[in-house]
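Engineer: Residues per chain, in single letters:
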Amino acid sequence: MDRELVARAQRGDEAAFAELVDRFGDRLYAVAHHILRDSGRADDAVQQAMIDIWRKLPTLRDADRFAAWAYRIVARATYAEAAARKRWSLRPVLVALAPAVTVDHASSVVDRDELDRALGRLPIDHRAVVVLKHYAGLSNLEIAEALSIPEGTVRSRLHYSIRSLRASLEADGRPAVAAAEA
Amino acid sequence: MTEFERRLEAHLRAEARPIPIEVVDAVVAQVPRERQIGPLGEWPRRFGRLVVSAAAAAALIATVVFGPGLVGQSVSGPAGASSKAPSVTPSVPPTDTPAASGSTTLEWDGVLGFRAYPSQTNPAMDSYGHPSVWYYLHGPAGSRDPVAYVPFEEFDAVRDGWIDRDRPGLFVGFTLGDDELTLVPSVDAAAGDHEAAIVAWRSPIDVAVEASGRVEVDGVCGDGVVFWIDQGINEIETVSLANGAHEFSFVADVRSGETIFFGVESGPAGDAKCDTTWLRVVIRGT
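Residue numbers (my numbering), protein chains in the order written: chain H, 1 to 182; chain X, 183 to 468.
Be a bit skeptical, because a hint or two may be false.
As the list claims (entries may be wrong) - Just a sample of chain H residues kept apart from chain X, beta carbon distances all over 12 Å, derived: (1) D2; (2) E4; (3) L5; (4) K56; (5) R121; (6) A171.
What the hints assert, rightly or not - Computed from the model, here is a short list of chain X residues facing chain H with C-beta under 7 Å: (7) L194; (8) V209; (9) Q212; (10) E216; (11) C403.
To be verified - Simulated coverage check for chain H against chain X, where a stretch passes if three residues somewhere in it have a Cβ under 8 Å from a Cβ of chain X: (12) 46-53; (13) 134-145.
The set of hints was computed from the structure by calculation and includes no laboratory data. Cβ coordinates follow ideal geometry from the N, Cα and C atoms, glycine included.
For reference, chain H alone in the conformation it holds in the complex (with noise of 0.2 Å):
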């Protein structure tokens, strides 16, 4: 991140910031429809999280943490946003898994799918960290910070969410196995 570019922002440069929001809008933007999984709320999360960047830029001590920061004032407004409209529950949602016929393991799409479909069984605060881990990059510390949660509690959502998506991936592809080997 360009330290001038920020430190134009912080000092209300309007052009700074559109510039700004041109380079990392759409990192942003992934990491709050990975959180969410929902185009609109994405929006409306992204949308006021930018808002608030830029109404609290000048608070921001460390230009250099700009990315860091960004992402938590973004994982915020997904929490928030994902409070406000109640329309999911902050635990794991077992969904019916959907009959797998003739699955080709092989096949990247089922693939995708899969691993799609284990993503959206994770409670949000345990998608949260992979998405900062995995997406966006942020070493555990930096996720501690952007969550407010101890660097340990990084550490074990990873751990669990990670034997979790695995889990789930077997679940899926095993009456898949089963049927290819019938």
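With chain H held as given, fit chain X onto it using these hints.
Structural biologist: What follows is chain X alone, placed relative to chain H:
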């Protein structure tokens, strides 16, 4: 990194959606109408940043002239514990509360009472303008003695919470999602130092209260926490919480200046792992 994690990262990259142009347009259009927030609060952009809010300016002047003690509510904390005011947020005289006019129910919400960066104060006023209602404290685990409690003095702006430099991990702050407080006790086994994280509500008036809430511990590992509620030195409730959540409710008659403490300390084995605890508390008085 494992093969599975590489596959996960590739999936997240492949499925990343670009930001819709309408969202960018909406943000860019809205920015000129939005004021930025400076270290002393919101300022009018059109008049430049030499103008700060009258309240902040008054606080600043009062700090210079009278010293910080008169500005930030230098008060006796619970049971005489002294408290410094870490911010320049001006004190506001209590407004006329519904109770004062003898009418409706008062409500004190622990989350709404928490003042996030850059407006953090300890103690914090309530939404009716009563100063020094919410306190963020720490004290020796097991003591259950308000005399031993100490107000946090340092605030972590990034995590939005109160910390103690000598006890890494000890934390009372604001939970993402804005609907819970986060309390993390600390354990230094080598030093034998177990510290409880405490949120305290000090009643601004004589009132009968009905309180309810929920406490939840991160139950992935460790030996859980002990959560307790005391009215002064009198126990209201103590619960060992190894996993999951516990809902609580109680009624109490409290006098002005009397304090109810909500504390979290490490579990019986002193295992500090996964002791992060989320607290929701609402106190209603009539």
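Engineer: Quick one: which hint numbers does this structure break? Sort them smallest to largest.
Structural biologist: 4
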